[in-house]
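Protein chains: 2
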Amino acid sequence: MTARKKKAPARKKSARAKAPRTKAPRKKAPRKKAPRKKAPRKKAPRKKKAPGKKAPAKKVARTRPSRRVFSFGNGRADGRASMRDLLGGKGANLAEMSHLGIPVPPGFTISTEVCGECQARGSLSRAVKSDILTALTRVERAIGKRFGNPDDPLLVSVRSGARVSMPGMMDTVLNLGLNDVTVRGLAARADARFAYDSYRRFIQMYGDVVLEVPRELFERCIEAVKEDRRVYLDTDLEAEDWQGIVRRFQEIVEVQTGKPFPQNPAEQLWGAVGAVFRSWGNDRAKAYRKLHDISDDWGTGVNVQAMVFGNMGDDCATGVVFTRNPTNGADHLYGEYLKNAQGEDVVAGVRTPQPIDDASRQGHAGKLPTLAEEMPAAYEELRGLCKRLEKHYREMQDIEFTIESGTLWLLQTRTGKRTPPAQVQVAVDFVRERLISQQEALLRVDASALDQLLHPMLDRSGPLTVLSTGLPASPGAGVGKVVFDAETAENRAKAGDKVILVRSETSPEDIVGMHASQGILTRTGGMTSHAAVVARGMGKCCVVGCEDLQVDPEQRLMRIGETVIREGDWLTLDGGSGEVILGKAPTVLPELGGAFDSLMKWADRYRKLKVRTNADTPQDALVARKFGAEGIGLCRTEHMFFEPARILAVRRMILANDEVEREKALEGLLPMQRSDFEGIFRAMDGLPVTIRLLDPPLHEFLPHEEDEKAELAKELGISLAVLRSKLEGLHEFNPMLGHRGCRLGVSYPEIYVTQVRAITEAACAVAAAGVRVKPEIMIPLVSHEGELERLRAQCEKTIGDVRAAFPGTRVRPAIGTMIEVPRAALTADVIAKHADFFSFGTNDLTQMGYALSRDDVGKFLPDYLEKGILEDDPFVSIDQEGIGQLVEIGAARGRATRPDLKLGVCGEHGGDPKSILFFARVGLDYVSCSPYRVPLARLAAAQAALSP
Amino acid sequence: MTARKKKAPARKKSARAKAPRTKAPRKKAPRKKAPRKKAPRKKAPRKKKAPGKKAPAKKVARTRPSRRVFSFGNGRADGRASMRDLLGGKGANLAEMSHLGIPVPPGFTISTEVCGECQARGSLSRAVKSDILTALTRVERAIGKRFGNPDDPLLVSVRSGARVSMPGMMDTVLNLGLNDVTVRGLAARADARFAYDSYRRFIQMYGDVVLEVPRELFERCIEAVKEDRRVYLDTDLEAEDWQGIVRRFQEIVEVQTGKPFPQNPAEQLWGAVGAVFRSWGNDRAKAYRKLHDISDDWGTGVNVQAMVFGNMGDDCATGVVFTRNPTNGADHLYGEYLKNAQGEDVVAGVRTPQPIDDASRQGHAGKLPTLAEEMPAAYEELRGLCKRLEKHYREMQDIEFTIESGTLWLLQTRTGKRTPPAQVQVAVDFVRERLISQQEALLRVDASALDQLLHPMLDRSGPLTVLSTGLPASPGAGVGKVVFDAETAENRAKAGDKVILVRSETSPEDIVGMHASQGILTRTGGMTSHAAVVARGMGKCCVVGCEDLQVDPEQRLMRIGETVIREGDWLTLDGGSGEVILGKAPTVLPELGGAFDSLMKWADRYRKLKVRTNADTPQDALVARKFGAEGIGLCRTEHMFFEPARILAVRRMILANDEVEREKALEGLLPMQRSDFEGIFRAMDGLPVTIRLLDPPLHEFLPHEEDEKAELAKELGISLAVLRSKLEGLHEFNPMLGHRGCRLGVSYPEIYVTQVRAITEAACAVAAAGVRVKPEIMIPLVSHEGELERLRAQCEKTIGDVRAAFPGTRVRPAIGTMIEVPRAALTADVIAKHADFFSFGTNDLTQMGYALSRDDVGKFLPDYLEKGILEDDPFVSIDQEGIGQLVEIGAARGRATRPDLKLGVCGEHGGDPKSILFFARVGLDYVSCSPYRVPLARLAAAQAALSP
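Chains as they are written, first to last, in the working numbering: chain H, 6 to 953; chain W, 6 to 953.
Do not rely on the hints blindly, as some may be mistaken.
Identical chains share a label here; the pair holds if one copy fits it or two copies do between them.
[Said to hold, decoys possible] For lysine to any residue, the following SDA-like pairs were computed, each having C-alpha atoms within a straight-line distance of at most 25 Å:
| # | residue 1 | residue 2 |
| --- | --- | --- |
| 1 | LYS872 | ALA498 |
| 2 | LYS907 | ARG641 |
| 3 | LYS731 | ALA498 |
| 4 | LYS714 | GLU737 |
| 5 | LYS589 | GLU405 |
| 6 | LYS295 | VAL169 |
| 7 | LYS499 | ARG729 |
| 8 | LYS919 | GLY791 |
| 9 | LYS838 | PHE865 |
| 10 | LYS291 | LEU866 |
| 11 | LYS295 | LEU674 |
| 12 | LYS714 | PRO649 |
| 13 | LYS714 | ARG729 |
| 14 | LYS838 | LYS872 |
| 15 | LYS392 | ALA364 |
| 16 | LYS499 | GLU876 |
| 17 | LYS503 | ALA774 |
No lab work stands behind these hints, which were simulated from the structure alone.
Turn these sequences into a full structure, and let the hints guide you.
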């Protein structure tokens with residue numbers, strides 16, 4: 006009845022026969038080699054070459070560069086897992102599984118190199134077609150059926166498979182090989198309903214993917230038939246109904262394309278292969294690649310594979326299984342399946358699937374029976390294969406399977422996507438299971454994803470209005486204003502709003518909008534639906550399959566039971582529990598588990614770069630310390646100035662007519678500043694605290710609105726006209742390059758004197774109370790050594806004065822400077838004469854060195870990224886090619902003058918993993934980043950130390 | 006009667022005896038050595054060491070580092086001309102003249118090293134005093150008089166003398182050694198009136214300089230006596246009058262200081278020497294040094310010298326002579342003298358002096374008799390000595406002389422200050438006279454002064470209202486608004502006004518105000534008065550001795566005859582003719598003489614750097630071409646946009662709602678731009694023209710005032726509200742780092758396309774008419790190679806389109822970029838892949854690299870210069886230490902990628918001689934500067950090539 010049944014012994018025999026041969030030479034080797042590395046590719050063939058017997062294997066190795074079609078299945082394969090660049094991930098893994106003797110439907114992979122060729126010439130070359138036909142013959146032989154055979158036709162699937170998985174982005178055609186003649190053979194061998202349902206599915210997919218017939222035409226046609234027949238479900242339609250639908254579909258195709266639906270299976274195959282290659286270039290695939298930094302040049306492979314059917318009856322099923330829980334990394338299978346269904350039905354999220362076992366029930370509301378219960382033998386076989394694949398690949402796997410009439414087939418295996426917590430858990434568990442080393446574990450966790458892990462969770466201490474519960478597809482709390490389409494999500498987010506994207510179901514077109522959202526909520530779909538997979542990859546909170554939800558995008562509202570929520574209303578999601586909560590719920594810091602602690606401990610073991618934090622308050626400092634910060638790298642004093650209780654004193658100081666008035670205003674600020682610093686020093690007991698003296702231009706502290714000006718004039722007891730003229734006097738054309746930073750310290754020495762006094766007094770006071778205080782005074786915007794020389798002398802004098810008032814104190818603040826002006830980096834050798842430390846202000850270095858005003862780039866930077874002039878936003882990841890040179894030069898020249906010079910970085914880049922790798926390479930001592938990014942930075946620092 | 010008369014034979018004999026010995030070994034050596042260099046100092050002693058006979062000479066050389074007092078006169082000297090760092094210019098030259106056997110009153114120099122010592126300890130050390138007394142004994146012996154001898158006292162002068170002449174900045178005391186007893190001896194030997202006049206002068210100077218008694222007290226006292234005696238002139242007072250004045254002066258001193266006037270000549274000497282040393286640190290000396298880049302560390306020497314008297318009768322005189330005409334460089338003596346006067350009377354400009362010969366009459370209104378007529382023998386001797394000194398020093402000399410009872414003494418010789426035209430003339434004449442080489446001549450002319458030479462002169466083609474004529478003290482036309490004090494001059498100039506400073510006479514306090522003025526006019530003073538000397542040094546137009554002038558600073562007005570001119574009224578001066586002209590007279594370009602042409606020819610012979618000009622119009626281009634520009638290095642297209650006839654079209658373009666509207670507005674601008682370029686290409690026939698595409702942010706072209714906005718809204722037919730919101734949309738926080746330069750070209754490709762089309766069409770059109778056109782298209786603000794790559798491709802496409810419309814045209818514009826963003830310099834290697842040339846925009850490189858917004862630095866840069874944090878304004882002379890590195894890096898990396906890359910600079914620094922030396926050193930191909938600075942740049946480029 007099916008290929009497999011007939012050929013089962015052959016498969017098993019060949020699997021057994023092959024297993025020892027393929028496994029023996031690889032037993033140790035894979036342990037050492039990461040599966041993606043190129044090295045094994047070369048070694049494996051060489052080992053085979055040594056025996057010198059197996060001509061075909063040798064030929065494979067030799068001719069690979071020109072080989073374009075790679076067969077697999079039946080216990081043998083032309084390819085290998087290591088060949089994913091050439092075969093795509095799916096093709097490489099199918100080959101690898103064949104080598105391992107794992108039951109995969111036989112087939113062949115058309116290499117990624119053909120993708121470019123095919124796109125360039127618009128069709129497949131004669132040579133490729135010939136290779137394909139040869140490979141097809143092998144499949145026919147393996148499965149014992151022939152393509153186009155009217156009695157017992159070979160049917161194939163045609164699927165994409167790129168180097169990196171791009172779920173749902175490219176096209177697929179199933180059941181290819183059916184036509185008006187072969188469908189009758191299939192009907193005779195299986196049953197008529199299944200045969201015509203399969204045929205209509207084929208026409209539908211082929212029509213959509215290859216012939217570009219609008220999808221709705223087919224769907225409307227089915228709906229019409231169902232209405233006509235007064236049935237609700239597809240499954241209620243009979244064989245004759247499907248037969249009728251097939252006819253109507255063929256008419257639709259002919260009307261739309263002007264040609265009848267192709268009946269020649271070979272023609273069908275060329276069309277489908279070409280369309281899948283073309284789908285590499287469709288818009289949603291391009292958008293996905295852009296978001297995931299995937300090169301357009303890689304191309305996709307195409308896998309043509311004998312069909313196996315999960316929809317031939319109740320002893321059939323199709324499903325997806327993860328070898329570990331992808332949400333939390335727990336060590337159990339995690340999967341879903343649908344009985345009597347084709348694989349696409351699971352992934353598409355149209356029907357709600359059943360859990361494969363009890364452990365997979367997590368989040369499944371109902372009490373649907375599991376695969377373990379319904380098909381225990383297939384389940385046990387699957388379980389064994391999962392463990393084997395995981396051990397073989399030394400990675401958690403995401404496996405697609407089909408059970409055709411009780412026989413298990415694996416259609417695909419790949420590295421399983423998982424949430425950041427699962428990344429951590431799996432990596433740490435793998436170390437415990439001695440599958441990988443600590444170093445490998447550290448390199449496997451995506452540092453930038455780690456950040457997600459630390460973001461607030463729902464605060465459950467108070468009451469929450471839970472409207473409904475869906476499937477917890479991706480954890481974390483998402484709080485935002487509801488929007489109903491991706492474009493609105495993107496626009497609102499750009500405008501600074503936090504949004505929750507609510508959809509019936511998501512599709513690949515929604516990716517950018519999902520990225521812009523705080524969380525995603527869908528009505529349909531399971532844990533492996535598009536929304537779930539994509540959201541987990543992004544580390545976004547996501548709840549799927551919330552069936553209580555009604556979405557009305559036209560009216561711009563959603564309903565859950567009685568509750569109506571309109572666009573712009575607040576909504577909260579808990580991606581960990583699947584709860585949908587009314588309004589804007591409070592959030593708290595997550596409890597971090599043991600695996601996280603282990604990973605961080607290992608990170609600290611291997612990293613060389615220290616990690617500090619940017620914190621302006623004792624609260625922030627404590628959070629950061631909890632996350633492992635080893636000091637404060639940047640404490641901005643101006644934030645303290647903006648507090649409502651102080652701003653008037655600050656303004657008095659700024660608008661002072663002379664030094665005397667200014668000093669009087671500063672005297673009022675001194676105790677406040679001192680107490681700020683005391684709090685921070687206490688929070689950072691034993692750790693260094695770098696405090697930056699006043700940096701922004703003074704006009705930033707003054708009001709801009711007319712009513713505020715009037716109020717200020719009244720408070721200061723001056724006329725509005727006088728205030729206005731003072732404000733005008735402070736106006737600057739380019740404040741970034743104006744009267745700010747140390748220039749204020751030169752113009753108004755009393756400001757810096759007051760700040761240094763507050764710092765030193767606070768330090769001496771807390772030191773006297775037993776706190777181990779390590780203050781570091783940082784002078785901003787130095788561009789010429791003369792500035793630092795002068796201000797350092799002034800600081801030292803003030804410090805001396807304060808120390809005299811605390812006899813015997815050991816407090817002796819270090820004095821250093823920001824390197825944030827290009828000239829400072831270039832003359833770091835002379836500036837270092839007056840500095841105990843440098844802290845690179847890479848934000849301003851980028852602004853000045855790149856001529857990019859951060860406040861103004863919105864007018865052109867998006868366009869630059871869009872047009873591909875720039876690859877990255879240089880404010881997100883440091884521009885290593887250009888601005889990076891200034892950091893390198895500054896570090897090298899500073900150290901040349903003063904080998905003990907402490908070097909750090911306190912720009913936003915200090916929390917970006919790519920940038921951290923760079924900072925480690927140029928030899929900085931520490932990075933400083935926001936509190937929540939400290940663990941990420943610790944991990945990235947370890948990765949930097951472990952990377953070659 | 007005088008020392009000289011008695012000792013004359015001795016002097017002469019010793020002069021003769023010494024001359025051969027000192028001259029012989031130096032005959033050739035000085036030719037090679039510039040007098041200010043240090044090298045000769047070492048060489049000279051070594052040569053002396055070789056013979057090894059002359060113990061004293063050897064001792065001088067050996068012990069010099071510790072020697073502090075250096076004797077001279079009577080044909081021998083401890084010092085040398087080459088020792089000016091140690092002895093000051095005056096002392097070194099007095100020593101040199103002694104060696105040459107030239108008659109100088111004997112004396113000694115206290116070295117500049119003592120200046121620092123004396124300032125540090127507040128008084129002279131015992132060791133120095135002892136050395137001084139020893140040297141004084143030598144003077145006594147040479148002159149045959151003793152210090153303090155009641156019968157025939159030695160009187161001395163005490164004068165400052167720094168490494169570089171600082172005329173009038175420091176203090177002088179004359180006639181020192183007189184007291185109540187010695188005055189009687191002097192009276193007995195000369196005459197009583199002379200003796201008591203000398204004594205009162207001594208008390209007056211000593212009182213002022215040493216005892217700090219207010220000067221006016223003495224002056225008022227003399228006025229009172231004159232009134233009492235009903236006489237008008239000092240010369241009408243009798244011996245008894247002066248005797249009375251001496252008594253009153255002594256009373257004034259005693260009342261003011263609480264002590265009697267010092268009678269002990271040694272005490273007088275310590276006081277005077279100390280005071281002269283202290284005067285190095287007075288405010289006006291400091292201001293002068295700052296203005297002239299003189300280090301505060303150098304210190305002054307003090308010269309103590311036997312007095313000779315020009316005021317002992319009608320066979321006495323005192324004067325100043327230049328060996329060439331300091332105004333135009335003509336080869337004749339140029340000098341003035343006063344009969345029966347002390348030297349200070351000439352310099353102070355109180356009496357109008359007589360010309361020394363007919364050639365010196367230039368500018369002297371009256372027909373006063375000359376020295377050649379009145380004292381022919383002394384004149385002839387002076388003439389001979391002048392030629393000898395000029396040949397000896399191979400430089401034009403400025404000599405002070407005194408004739409005492411018919412005998413000539415030279416008191417000082419130094420390099421003569423001269424106007425820029427005179428610098429050129431003298432240098433070129435010296436080459437013709439084979440005194441110096443062409444190279445030396447080029448190095449001698451101050452390149453930055455050359456600029457003065459080219460500035461407009463009075464246009465005499467129309468009528469001028471000449472109010473009066475004074476002495477033509479420093480040439481050029483000065484046109485400005487009248488002010489009556491230096492402070493107002495400074496303030497008005499800072500506010501952007503052009504001012505003419507009008508004073509009865511200037512004093513050193515006025516220097517900063519003089520610097521800020523377009524010209525200086527004084528009532529009193531001669532060609533060597535303070536105003537004249539200082540103005541010539543500055544290259545400022547100056548008219549002195551305009552006796553018709555009445556100045557009333559209280560009423561803020563001046564009168565010449567009937568005409569009343571109030572502060573703020575326009576006035577014009579011709580410093581070449583001495584004319585004072587009513588109102589704002591028109592000016593024209595000067596005719597440049599043959600000497601200038603020769604010098605420029607030599608400059609072109611030696612220089613390697615090419616010189617282009619920054620010109621936006623055909624008119625500017627033609628001026629520059631006349632001055633020798635070898636192309637246009639920067640033609641700014643935005644200036645064309647500001648023309649009233651075009652600005653509306655430009656605004657339409659900027660405020661366009663879409664590409665179509667924008668293109669329509671641009672179409673309107675295209676023919677205007679094309680005709681601009683045609684004019685420029687014609688003017689620059691055969692020379693390259695670099696045109697920069699639109700650079701400034703678009704909002705710069707839009708109105709800022711409310712009424713202008715309303716008008717524009719009306720013209721565009723939109724509401725004011727819509728216009729306002731568009732203006733707001735264009736607002737930028739830091740326009741310097743914002744949406745400008747090539748970023749506009751990326752955002753609105755049609756703007757650059759239109760410009761490139763206009764350039765190429767213009768080039769093709771004029772080329773078809775036979776003009777040799779070499780257009781270079783320059784893309785501004787490139788920070789990333791991607792920008793240039795994209796825009797270059799776009800330019801090439803447009804050029805191709807235009808060329809297709811001109812079949813067979815050879816026009817093929819080069820395409821290059823500004824290097825003005827630090828990142829561009831750092832990544833010049835990759836940017837060079839897309840550039841035919843680089844032009845360094847050092848203005849913006851400085852703004853960004855130094856974090857200095859040129860529009861905002863006014864708030865702190867003056868303070869930085871004042872406090873000495875920065876030595877130079879980095880916008881005037883390139884910051885070689887920092888920003889210069891970016892130019893060096895950019896040049897080296899650009900050439901590494903593309904060895905034939907053309908490199909230029911088009912910032913303001915391209916016209917600054919110091920910067921030009923730097924640009925030559927880093928290997929640029931050309932500099933580009935404003936038209937008037939082209940000759941300056943040619944000379945500076947030659948100096949760069951000739952400097953080691």
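Verification of the hints:
no.	hint	in the structure
1	LYS872 <-> ALA498	within (21 Å within a copy, 49 Å between copies)
2	LYS907 <-> ARG641	within (19 Å within a copy, 46 Å between copies)
3	LYS731 <-> ALA498	between (37 Å within a copy, 23 Å between copies)
4	LYS714 <-> GLU737	both (18 Å within a copy, 22 Å between copies)
5	LYS589 <-> GLU405	neither (39 Å within a copy, 93 Å between copies)
6	LYS295 <-> VAL169	within (13 Å within a copy, 68 Å between copies)
7	LYS499 <-> ARG729	between (34 Å within a copy, 23 Å between copies)
8	LYS919 <-> GLY791	between (35 Å within a copy, 21 Å between copies)
9	LYS838 <-> PHE865	between (40 Å within a copy, 24 Å between copies)
10	LYS291 <-> LEU866	within (19 Å within a copy, 51 Å between copies)
11	LYS295 <-> LEU674	neither (49 Å within a copy, 39 Å between copies)
12	LYS714 <-> PRO649	within (15 Å within a copy, 37 Å between copies)
13	LYS714 <-> ARG729	both (8 Å within a copy, 22 Å between copies)
14	LYS838 <-> LYS872	between (44 Å within a copy, 20 Å between copies)
15	LYS392 <-> ALA364	within (16 Å within a copy, 113 Å between copies)
16	LYS499 <-> GLU876	within (19 Å within a copy, 47 Å between copies)
17	LYS503 <-> ALA774	neither (44 Å within a copy, 65 Å between copies)
Going through the hint list in order, the structure does not satisfy hints 5, 11 and 17.
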